[in-house]
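Protein chains: 4
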Amino acid sequence: MAKEIKKIAVLTSGGDSPGMNAAIRSVVRTCAYLEIECVAIYRGYQGMIEGDFKPMNARSVNNIINKGGTILKSARCLEFRTPEGRKKAHDQLVKAGVDAFVVIGGNGSFTGAMIFNNEFDFPVMGIPGTIDNDIIGTSYTIGFDTAINTVVEVIDKIRDTASSHNRLFFIEVMGRDVGHIALNAGVGAGAEEILIPEQNLGLERLLDSLKRSKKSGKSSSIVIVAEGDKIGKNVFELKDYVEEHLPIYDVRVSVLGHMQRGGNPTCFDRVLASRMGVKAVEALLEGKTNYMVGIRDNDLILTPISEAIKGHTPVDEELIRVSDIMTT
Amino acid sequence: MAKEIKKIAVLTSGGDSPGMNAAIRSVVRTCAYLEIECVAIYRGYQGMIEGDFKPMNARSVNNIINKGGTILKSARCLEFRTPEGRKKAHDQLVKAGVDAFVVIGGNGSFTGAMIFNNEFDFPVMGIPGTIDNDIIGTSYTIGFDTAINTVVEVIDKIRDTASSHNRLFFIEVMGRDVGHIALNAGVGAGAEEILIPEQNLGLERLLDSLKRSKKSGKSSSIVIVAEGDKIGKNVFELKDYVEEHLPIYDVRVSVLGHMQRGGNPTCFDRVLASRMGVKAVEALLEGKTNYMVGIRDNDLILTPISEAIKGHTPVDEELIRVSDIMTT
Amino acid sequence: MAKEIKKIAVLTSGGDSPGMNAAIRSVVRTCAYLEIECVAIYRGYQGMIEGDFKPMNARSVNNIINKGGTILKSARCLEFRTPEGRKKAHDQLVKAGVDAFVVIGGNGSFTGAMIFNNEFDFPVMGIPGTIDNDIIGTSYTIGFDTAINTVVEVIDKIRDTASSHNRLFFIEVMGRDVGHIALNAGVGAGAEEILIPEQNLGLERLLDSLKRSKKSGKSSSIVIVAEGDKIGKNVFELKDYVEEHLPIYDVRVSVLGHMQRGGNPTCFDRVLASRMGVKAVEALLEGKTNYMVGIRDNDLILTPISEAIKGHTPVDEELIRVSDIMTT
Amino acid sequence: MAKEIKKIAVLTSGGDSPGMNAAIRSVVRTCAYLEIECVAIYRGYQGMIEGDFKPMNARSVNNIINKGGTILKSARCLEFRTPEGRKKAHDQLVKAGVDAFVVIGGNGSFTGAMIFNNEFDFPVMGIPGTIDNDIIGTSYTIGFDTAINTVVEVIDKIRDTASSHNRLFFIEVMGRDVGHIALNAGVGAGAEEILIPEQNLGLERLLDSLKRSKKSGKSSSIVIVAEGDKIGKNVFELKDYVEEHLPIYDVRVSVLGHMQRGGNPTCFDRVLASRMGVKAVEALLEGKTNYMVGIRDNDLILTPISEAIKGHTPVDEELIRVSDIMTT
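Chains as they are written, first to last, in the working numbering: chain A, 1 to 328; chain B, 1 to 328; chain C, 1 to 328; chain D, 1 to 328.
Hints in this document: simulated from the structure, not taken from any laboratory.
Accuracy of the hints is not assured; some may be wrong.
The calculated lysine to aspartate or glutamate pairs, modelled on DMTMM-like cross-linking and capped at a C-alpha distance of 25 angstroms, are [said to hold, decoys possible]:
#: 1; chain 1: D; residue 1: 6; chain 2: C; residue 2: 35
#: 2; chain 1: C; residue 1: 239; chain 2: C; residue 2: 208
#: 3; chain 1: B; residue 1: 211; chain 2: B; residue 2: 198
#: 4; chain 1: C; residue 1: 215; chain 2: D; residue 2: 35
#: 5; chain 1: C; residue 1: 288; chain 2: D; residue 2: 316
#: 6; chain 1: B; residue 1: 95; chain 2: B; residue 2: 121
#: 7; chain 1: A; residue 1: 7; chain 2: B; residue 2: 324
#: 8; chain 1: B; residue 1: 310; chain 2: A; residue 2: 299
#: 9; chain 1: C; residue 1: 310; chain 2: C; residue 2: 324
#: 10; chain 1: D; residue 1: 215; chain 2: A; residue 2: 299
#: 11; chain 1: B; residue 1: 88; chain 2: B; residue 2: 35
#: 12; chain 1: B; residue 1: 211; chain 2: A; residue 2: 35
#: 13; chain 1: D; residue 1: 88; chain 2: D; residue 2: 121
#: 14; chain 1: D; residue 1: 310; chain 2: C; residue 2: 299
#: 15; chain 1: D; residue 1: 6; chain 2: C; residue 2: 324
#: 16; chain 1: C; residue 1: 214; chain 2: B; residue 2: 91
#: 17; chain 1: B; residue 1: 7; chain 2: B; residue 2: 282
#: 18; chain 1: C; residue 1: 3; chain 2: C; residue 2: 282
#: 19; chain 1: D; residue 1: 88; chain 2: D; residue 2: 99
#: 20; chain 1: B; residue 1: 230; chain 2: B; residue 2: 250
#: 21; chain 1: A; residue 1: 218; chain 2: B; residue 2: 35
#: 22; chain 1: A; residue 1: 214; chain 2: D; residue 2: 52
Computed footprint of chain B on chain A, listed as stretches where at least three residues anywhere in the stretch have a Cβ under 8 angstroms from a Cβ of chain B [unchecked claim]:
#: 23; stretch: 10-21
#: 24; stretch: 75-83
#: 25; stretch: 122-130
#: 26; stretch: 212-219
#: 27; stretch: 232-246
#: 28; stretch: 270-278
Just so you know, these numbers come straight off a predicted model, no measurement behind them.
Where is the CB? At the ideal position from N, CA and C, for every residue including glycine.
Just chain A, same shape as in the assembly (with noise of 0.2 angstroms):
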């Protein structure tokens, strides 16, 4: 029989995402409302391991839900994948009377987890937070929606003057494996092109769509280009190539970069976060372990850790003809 759970740690791990801050205050505001007690660990399974604990109370997380970045920093440890790490993570638990944990954090973070749980018999639970809304089990990641918009809001500008120019704009965007933030920010900012890991659509194609975009009189072309694009050249190659195939264009290059994965969550991240956090801490005390908190429409959904790190959610076939549609 399991034991009962008296005590929760909450963590942050891997890349920090705008949310996670609504989502800590979710996990430690449950526990009050609960009565259960709850510890923070101060950055990731590097903290975890080194005993960076600190208790936490409903008032400890005052006036953090609208704030990026995380209070708890976070880090990405490699001693956590060694089983010597992991237990003397599991020995500092111990040793702070720690019951149960909850991570928030990506599918690495997410697997630590789960073969810490695998070895311990440890009940954990994870919450996803990460830009990239690549996690399979749920429609949502906590930070995406902020990230999406930090994104339209820079195209939005770079448009004024790529219009007041007619020029053309390559503007890279993270998302190494998958192409959500691209495709939708690029929807989202009428991005006349955009090109992510998932398709491979080809030079040809992308001076033929410049092409009809310049003979149809738009005053300025915006292409939204995701990191792990499968094109075969970077942004800065894509540049060069247009400029000699396609002499009609003064083109030029933005790399968004960092600040995606910053600013004051949309409020769509803060209530997401909020509803992961009641549900993990709830899904511990039901007896529940090794799972991740999703959201399907607006149901929460628990999703085993074994098949959420499988892979990547895929970009979504009706959004991606959308965009072909809307650049005509």
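Given chain A, work out where chains B, C and D should sit, using these hints.
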């Protein structure tokens, strides 16, 4: 047998909402892509009655995806509620060679379209554009996401000054019949209490909650009040009541009003509108009529208008619970 | 001979304004740079009387430059207006070894400091922090630039929906005695008419102007009304009056209220606050007292508090003229 | 005796900047107010040569005050640098009955205007529109305030993620010849170090400063680098250098690029542009020519173009000192 559809009209009707322009753009571009003619109708049903039409092509909707409001204007139209008014409107459509129309709006606009369809067997399709998110048949209406972000951003600002002065704020947000904006923005903004039309928690509970909040050491309190809340006092009366019964607080009121309807649409609203516009045109071409386009999770669905207009979407009970837990 | 200054206190007093935190940070860091001790006083003069002090070092003010409100809290304090209250405050300062203080606030706060200085020969220095921009001796007060941007952003949103419905909006902004916010934000937002405390243009002129605006084909009208305007009607009475005398308009009202005091400070306010904090500390160390720091063009200047508190800065006549021309 | 001016042309030239539309609107409305004819010239001097003109009235500039970019488009034009090109331009102006023009742009644009004036005795007036704020004869250029706010907002976002990971960021901002953007945005964003073209602090000092910052317990470091900084390494080389010589940091780079030119103008830029437009038209009507409009404190002033184009405004030494103190 249904007449082949060669020309589609698009109009916005009722209160405007951010993202309507993205929906107009999508209808127009989908027509262009499918090589169907498209005409815009200005000023809603009033413009339909008066024949205020304009042919649209793909370039007519350049640079509007990021603009709030509606380039087609909107208006409430009493004449369309009469058989004579609708007869005039039908004559204008026939004269202009229009075979079907897409109306972007709320329940009132859909009811008009349904009656029109019943009277003239004229193909119609609805797209839900309202900030209230209360329309049956869709998880999200166009404009809701932008509105809750506007509210949350304003409350973030008010929180700054409230915290600096240990103040209590009553903030009135839109929602005459439904509390979706209040509940979501309230959870997103970390409000201490949320008053919605669907619940009457009573004044006693409000006082208790505020006393508890003060005692727990919070430096400020924000209470969100939906316009149509059932507590029996408007937001200014609430201020007086609390100042009389709970003199520990310095109380202020803020009525957010029409700013909630405006602003550049969020990425979510732009993408949603783009998808719905494609679906609306394609459904008409497939011979569907008298439906409203909606979204469930990531799937676009059709609901008969006769069902969509039956009342309002209830608020999410689970989210009310999350709200209670978060204010611990 | 003046006593050498080795420890400086900093407080915020009166209404808060965005950028106060940047000014606090600047005072604290300048002390650290010059190897002077620094203490914070919480809750304005009330905290001074109660000895609510905290030692500060350069790290105490990390990550506050971009936050609205004031981390030191603010309060209005009646007791400091009495000789007994000021005596208590002086005792607390002496007990804590404080040799001088910098007060960030408005006229009321400076008056208190001046009286205190006169009574105890205690070195004081003022930094103008108020959104009203009405303090003699400086072209800009900390918070004004943020406030006018907040107002303009909200009006941009309201304009969206006003244009979609051909509406007239009366928008009340802060400014009981002065029209700086109304005039600057009104010009910035392209308002059709601006009503300020310094002028009474009369209701007739307002009606004429609105008629002309309607006739000229504008799709919406925005009238900015400062709280203290002299037209003899509040913003709701104005609505009734115009609806009665000019029935061609659908009129709406929006009272912006306290959101104008909050929000992340603009770059201008952050830089201004940073510069003023340095100047305040350096002036005290040079033996200056009873001055307020101000800015003229790009030069920091000192004005005796006795002059700074004499009335309000008048509005710029040339800008009123620009406003008239812009509404052609 | 000077010819009476009955028709004024307005154009934007060179790189665009936010607020140019507000300046265009102001020139057009001032002409309308003073009952002078006004024509717009599209695409800068290129459009002048090609006669790409359009008559403007007060309504032509509705709803543009809040838009980034320039509705008149801009372009760099080599042909205008030749006597033949200018001759063509003059012929077009004469043919269109234009008596004077206002050019909104930077040094290059003003030089062209001055030469044109010298050759044809044609009245010209300059309005400084550039984000660089480097033009002699004015404390502020149109667009600078918006640009520094854009930079600060982005750095606020990057700070979120930098703090969560204890990272060092090199952020490149615009400024090939001058450090105004870097210095102001750097102070506003609380940057730990600011590298500008006007100073070469040397790599040693940079390393020392970063070591000190790390030691003092800061959770992240932001270094702002102006494009034209003189440290002898670009931003990517700096990253490599620091990673090699200071392995305690995980370093990232962000090049902000063209987003700095776009975006809705701030209230400051809109008001400044409105005032300068009025002044430009009135100065022409008073018989002034070959001047640039500028602002000193709150006064609009005129500077002969021949002086305005002599080099760049130096950065404020006092602000460099503030910047040093703030990074204590």
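Do the hints match the structure? See the list:
{"no.": "1", "hint": "D:6 x C:35", "in the structure": "64 angstroms, violated"}
{"no.": "2", "hint": "C:239 x C:208", "in the structure": "15 angstroms, holds"}
{"no.": "3", "hint": "B:211 x B:198", "in the structure": "24 angstroms, holds"}
{"no.": "4", "hint": "C:215 x D:35", "in the structure": "18 angstroms, holds"}
{"no.": "5", "hint": "C:288 x D:316", "in the structure": "24 angstroms, holds"}
{"no.": "6", "hint": "B:95 x B:121", "in the structure": "16 angstroms, holds"}
{"no.": "7", "hint": "A:7 x B:324", "in the structure": "21 angstroms, holds"}
{"no.": "8", "hint": "B:310 x A:299", "in the structure": "23 angstroms, holds"}
{"no.": "9", "hint": "C:310 x C:324", "in the structure": "29 angstroms, violated"}
{"no.": "10", "hint": "D:215 x A:299", "in the structure": "47 angstroms, violated"}
{"no.": "11", "hint": "B:88 x B:35", "in the structure": "28 angstroms, violated"}
{"no.": "12", "hint": "B:211 x A:35", "in the structure": "20 angstroms, holds"}
{"no.": "13", "hint": "D:88 x D:121", "in the structure": "15 angstroms, holds"}
{"no.": "14", "hint": "D:310 x C:299", "in the structure": "23 angstroms, holds"}
{"no.": "15", "hint": "D:6 x C:324", "in the structure": "21 angstroms, holds"}
{"no.": "16", "hint": "C:214 x B:91", "in the structure": "31 angstroms, violated"}
{"no.": "17", "hint": "B:7 x B:282", "in the structure": "13 angstroms, holds"}
{"no.": "18", "hint": "C:3 x C:282", "in the structure": "15 angstroms, holds"}
{"no.": "19", "hint": "D:88 x D:99", "in the structure": "16 angstroms, holds"}
{"no.": "20", "hint": "B:230 x B:250", "in the structure": "24 angstroms, holds"}
{"no.": "21", "hint": "A:218 x B:35", "in the structure": "19 angstroms, holds"}
{"no.": "22", "hint": "A:214 x D:52", "in the structure": "20 angstroms, holds"}
{"no.": "23", "hint": "10-21", "in the structure": "violated (count 0)"}
{"no.": "24", "hint": "75-83", "in the structure": "violated (count 0)"}
{"no.": "25", "hint": "122-130", "in the structure": "violated (count 0)"}
{"no.": "26", "hint": "212-219", "in the structure": "holds (count 4)"}
{"no.": "27", "hint": "232-246", "in the structure": "violated (count 0)"}
{"no.": "28", "hint": "270-278", "in the structure": "holds (count 5)"}
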